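> The primary structure of each chain is shown beneath.
2 protein chains.
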Amino acid sequence: MNRLWIENGTFVTMDDARPIIKGHMVIEGDRIQYLSEQAPTIENAARLDGRGLVFMPGLINTHAHSAMSLLRGYSDDENLQVWLEQKMWPMEAKYTDADARWGTALAVIEMLKAGTTAFVDMYDRMDIVAQVVEQAGMRGMLTRGVIGLCPPDVQTAKLEEAKQFAKDWNGKAGGRIRTMMSPHAPYTCPPDYIARIIEAAHELQVPLHTHMSESAAEVEQNVKDYGCRPVEHLDKLGFFSRPSLVAHGVHLTDDEIALLAEKGVAVSHNPASNLKLASGVARVPELLKAGVTVSLGTDSAASNNNLDLFDEIRLAALIHKGVSGDPTAVPAYEALKMGTVYGAQAIGQASDIGMLKVGMKADFIAIDSEQPHFYPQTEMISHLVYAGSGRDVKHVWVDGEQVVRNGICTLIDEEQVLAEAQRCFERLSQH
Amino acid sequence: MNRLWIENGTFVTMDDARPIIKGHMVIEGDRIQYLSEQAPTIENAARLDGRGLVFMPGLINTHAHSAMSLLRGYSDDENLQVWLEQKMWPMEAKYTDADARWGTALAVIEMLKAGTTAFVDMYDRMDIVAQVVEQAGMRGMLTRGVIGLCPPDVQTAKLEEAKQFAKDWNGKAGGRIRTMMSPHAPYTCPPDYIARIIEAAHELQVPLHTHMSESAAEVEQNVKDYGCRPVEHLDKLGFFSRPSLVAHGVHLTDDEIALLAEKGVAVSHNPASNLKLASGVARVPELLKAGVTVSLGTDSAASNNNLDLFDEIRLAALIHKGVSGDPTAVPAYEALKMGTVYGAQAIGQASDIGMLKVGMKADFIAIDSEQPHFYPQTEMISHLVYAGSGRDVKHVWVDGEQVVRNGICTLIDEEQVLAEAQRCFERLSQH
Numbered sequence: 000m001n002r003l004w005i006e007n008g009t010f011v012t013m014d015d016a017r018p019i020i021k022g023h024m025v026i027e028g029d030r031i032q033y034l035s036e037q038a039p040t041i042e043n044a045a046r047l048d049g050r051g052l053v054f055m056p057g058l059i060n061t062h063a064h065s066a067m068s069l070l071r072g073y074s075d076d077e078n079l080q081v082w083l084e085q086k087m088w089p090m091e092a093k094y095t096d097a098d099a100r101w102g103t104a105l106a107v108i109e110m111l112k113a114g115t116t117a118f119v120d121m122y123d124r125m126d127i128v129a130q131v132v133e134q135a136g137m138r139g140m141l142t143r144g145v146i147g148l149c150p151p152d153v154q155t156a157k158l159e160e161a162k163q164f165a166k167d168w169n170g171k172a173g174g175r176i177r178t179m180m181s182p183h184a185p186y187t188c189p190p191d192y193i194a195r196i197i198e199a200a201h202e203l204q205v206p207l208h209t210h211m212s213e214s215a216a217e218v219e220q221n222v223k224d225y226g227c228r229p230v231e232h233l234d235k236l237g238f239f240s241r242p243s244l245v246a247h248g249v250h251l252t253d254d255e256i257a258l259l260a261e262k263g264v265a266v267s268h269n270p271a272s273n274l275k276l277a278s279g280v281a282r283v284p285e286l287l288k289a290g291v292t293v294s295l296g297t298d299s300a301a302s303n304n305n306l307d308l309f310d311e312i313r314l315a316a317l318i319h320k321g322v323s324g325d326p327t328a329v330p331a332y333e334a335l336k337m338g339t340v341y342g343a344q345a346i347g348q349a350s351d352i353g354m355l356k357v358g359m360k361a362d363f364i365a366i367d368s369e370q371p372h373f374y375p376q377t378e379m380i381s382h383l384v385y386a387g388s389g390r391d392v393k394h395v396w397v398d399g400e401q402v403v404r405n406g407i408c409t410l411i412d413e414e415q416v417l418a419e420a421q422r423c424f425e426r427l428s429q430h
Numbered sequence: 000m001n002r003l004w005i006e007n008g009t010f011v012t013m014d015d016a017r018p019i020i021k022g023h024m025v026i027e028g029d030r031i032q033y034l035s036e037q038a039p040t041i042e043n044a045a046r047l048d049g050r051g052l053v054f055m056p057g058l059i060n061t062h063a064h065s066a067m068s069l070l071r072g073y074s075d076d077e078n079l080q081v082w083l084e085q086k087m088w089p090m091e092a093k094y095t096d097a098d099a100r101w102g103t104a105l106a107v108i109e110m111l112k113a114g115t116t117a118f119v120d121m122y123d124r125m126d127i128v129a130q131v132v133e134q135a136g137m138r139g140m141l142t143r144g145v146i147g148l149c150p151p152d153v154q155t156a157k158l159e160e161a162k163q164f165a166k167d168w169n170g171k172a173g174g175r176i177r178t179m180m181s182p183h184a185p186y187t188c189p190p191d192y193i194a195r196i197i198e199a200a201h202e203l204q205v206p207l208h209t210h211m212s213e214s215a216a217e218v219e220q221n222v223k224d225y226g227c228r229p230v231e232h233l234d235k236l237g238f239f240s241r242p243s244l245v246a247h248g249v250h251l252t253d254d255e256i257a258l259l260a261e262k263g264v265a266v267s268h269n270p271a272s273n274l275k276l277a278s279g280v281a282r283v284p285e286l287l288k289a290g291v292t293v294s295l296g297t298d299s300a301a302s303n304n305n306l307d308l309f310d311e312i313r314l315a316a317l318i319h320k321g322v323s324g325d326p327t328a329v330p331a332y333e334a335l336k337m338g339t340v341y342g343a344q345a346i347g348q349a350s351d352i353g354m355l356k357v358g359m360k361a362d363f364i365a366i367d368s369e370q371p372h373f374y375p376q377t378e379m380i381s382h383l384v385y386a387g388s389g390r391d392v393k394h395v396w397v398d399g400e401q402v403v404r405n406g407i408c409t410l411i412d413e414e415q416v417l418a419e420a421q422r423c424f425e426r427l428s429q430h
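Chains as they are written, first to last, in numbering that gives the first Met the number 0: chain A, 0 to 430; chain B, 0 to 430.
Just chain A, with the same shape it has in the complex (with noise of 0.2 Å):
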């Protein structure tokens, strides 16, 4: 079995018994095998220098659809239903299987090389973007996310496609892959509908996960449709009798709030796109304070426009504070668990991802902390929250495998990535 050695390295563990340790880290085929201030005893293992590198658990980004990268800048400054609807729907309805590689291709790059090892995706042609997850060796938490604004036959047949998606690829890459069932959104799609994506994830045993109470408008609109907010009617549904992950959870009240704590659902904020979007800011330190799991997401690189998921933690530390006036609000550290621990509860893997501790998966990211935005070097808690980037990132692992090395994607071409993803937007475009 394979084994690395990293010697002399700064660990951020995200592990609260030792959420930092000077030392070394062993790593024996996908896992972490060792972890210690002291140097090991063993023999044949590759060496790695961890001097002048900050490894860190890979950020887990638990919101996004991927190859909608292809549509980053296509429609700033719109409010979501315009943006949604004018611009993106008209867009996506072009889309060939051909974009939906590339536009995956291109957001898979663009997260490993910023650290994310593992992610959300829920769009349609999900075997192709399974396919693209499992080359780029990256984790994904994939999921068919079905419109339900159609006639019945093709409802079924979503629903049945969502079915086949979930049940085919559920633990294959070497159980990278895992699977979901996602309604889109209480507005597009009918009661019944979510009646039977719910019933469909129990027969699955697999997680939920949906848009919620993202706009105002969308929520007031719950209220005229079926008398109540989004809460209690994905409740009523049945939604929260499996574990679930609602994206954006921005106007929602204290009931709400207790509502979710209560259920066990965890929240995927996703604060860029939530401010671009307009769409309001998400009440996080009352979410985190009732003791709902909050992780984050990019959202799509369409509304927001990148897929860092450090500045996603960067935003989920400063907005809170400025919006309050609580400057104690979503410490440093409690923003970095909301990409990493966090994260891993989230998406129901948080034995094996998310912190660095014998025993756990290999997903981990090593920094390179000698540039001057990371000095003095004291607090680096503090210093990778506040001051720190994607293009920090220099070598990456997941399971145990280098999938970037000095920030060069290893399994999936970059350069190929680029040009094909710059065609396909080219075309769509055009027609």
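Among the clues, some could well be false.
You can't tell identical chains apart in this list, so a pair holds if it fits in one copy or across any two.
[Unchecked claim] Straight-line C-alpha distance at most 30 Å; calculated DSS-like pairs for lysine-lysine:
1) Lys288 x Lys86
2) Lys21 x Lys86
3) Lys166 x Lys21
4) Lys223 x Lys235
5) Lys356 x Lys288
6) Lys393 x Lys288
7) Lys223 x Lys166
8) Lys93 x Lys223
9) Lys171 x Lys393
10) Lys157 x Lys288
11) Lys86 x Lys157
12) Lys86 x Lys356
13) Lys262 x Lys86
14) Lys166 x Lys393
These aren't lab readings, by the way, just hints derived from the structure by calculation.
Here the structure is a predicted model, which means the values were calculated and not measured.
The hints should help you fit chain B onto chain A, whose structure is shown.
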């Protein structure tokens, strides 16, 4: 005279007449001599292949306290008054010349590498700051910030020092250094002292800079102490009778905004610092609408905690949308102007810097655009604002001289700066 011909580049000019030019730029000495789609007909020029690079004006940081970079991460999660009075001031009281030198050098290399070519610095030991700026090849608008909470003889000594500095260094380093006069803030300077500083600025014909209306508490205190809010207070003292730049301006009424517009006062918006210290969110859309020049500042690394102006540009484009609920607030191009053109206006140098235009100073940067977050290569201004980072900067020129080449400072020894800054902090934190 030295000549540089940049061939086949993409130039984001920030000149409304033609914001993007794909073509050629020629630098002669310290100025842009040619910029066009067509190749020039010149001889005896060094050539640079511009393919894969996006060129734009160097960024202008209009509020900084560089030497405080030694205190990066030293006090997170505190409000402004505690952070300042209990954490910063006691540490700063221990500063020696060496701390000022290496703290400033650390900030300067961080800014240059991240594409900032000009900055406003308000601090003390300004001769040392000016020496570092001169050596590093940067452009500086420097000022000895004075705090008047001291006996009259000390006040006078500080004022004399500030005047002497403003006199000695104005126009030095080949014109790269200019000076201002600065009372630290209305709450740290008695009115008669502010009046004396204004008088000195008139005498020396230099602009004025100060902190103003950063926190709600400070505005309240001003009303209690002087019977009016800070804008009226400064106006009565004659502050705005000189070209003036105020940092923060978070808590402003409609009337105050109107007065700032009428008097031609420029505001340095510091979004990250204001969020981190929970000071609030400045009314930037209203300021811009009123015709106030709004530029961007990082504030010090102790309250940010980085000096990458791309972060401030993105924040400015994001937070005002999310907080106002208007997704069209502060569009990408406007945010980029805040970091360039408006920055130049704020320091009275709009005829020389902030744009790529024939006849202007050659202060510009080259960004490596062959990266996934800049693809598809469509809306480059949007990409720079929403996806760009100081880490994407490859080359930097100031006054026609290349001060960063392939990400490395050419005139200042980065390794030495990091080592000395570390040593300074360790000594400061021991005593």
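> Now tell me, hint by hint, if it's right for this structure.
Taking the hints in turn, this is what the structure says about them:
no.	hint	verdict
1	Lys288 x Lys86	between (37 Å within a copy, 28 Å between copies)
2	Lys21 x Lys86	between (49 Å within a copy, 27 Å between copies)
3	Lys166 x Lys21	neither (43 Å within a copy, 50 Å between copies)
4	Lys223 x Lys235	within (16 Å within a copy, 54 Å between copies)
5	Lys356 x Lys288	within (26 Å within a copy, 53 Å between copies)
6	Lys393 x Lys288	neither (35 Å within a copy, 43 Å between copies)
7	Lys223 x Lys166	neither (36 Å within a copy, 68 Å between copies)
8	Lys93 x Lys223	neither (32 Å within a copy, 63 Å between copies)
9	Lys171 x Lys393	within (28 Å within a copy, 40 Å between copies)
10	Lys157 x Lys288	neither (38 Å within a copy, 48 Å between copies)
11	Lys86 x Lys157	within (23 Å within a copy, 59 Å between copies)
12	Lys86 x Lys356	neither (44 Å within a copy, 34 Å between copies)
13	Lys262 x Lys86	neither (35 Å within a copy, 42 Å between copies)
14	Lys166 x Lys393	neither (35 Å within a copy, 46 Å between copies)
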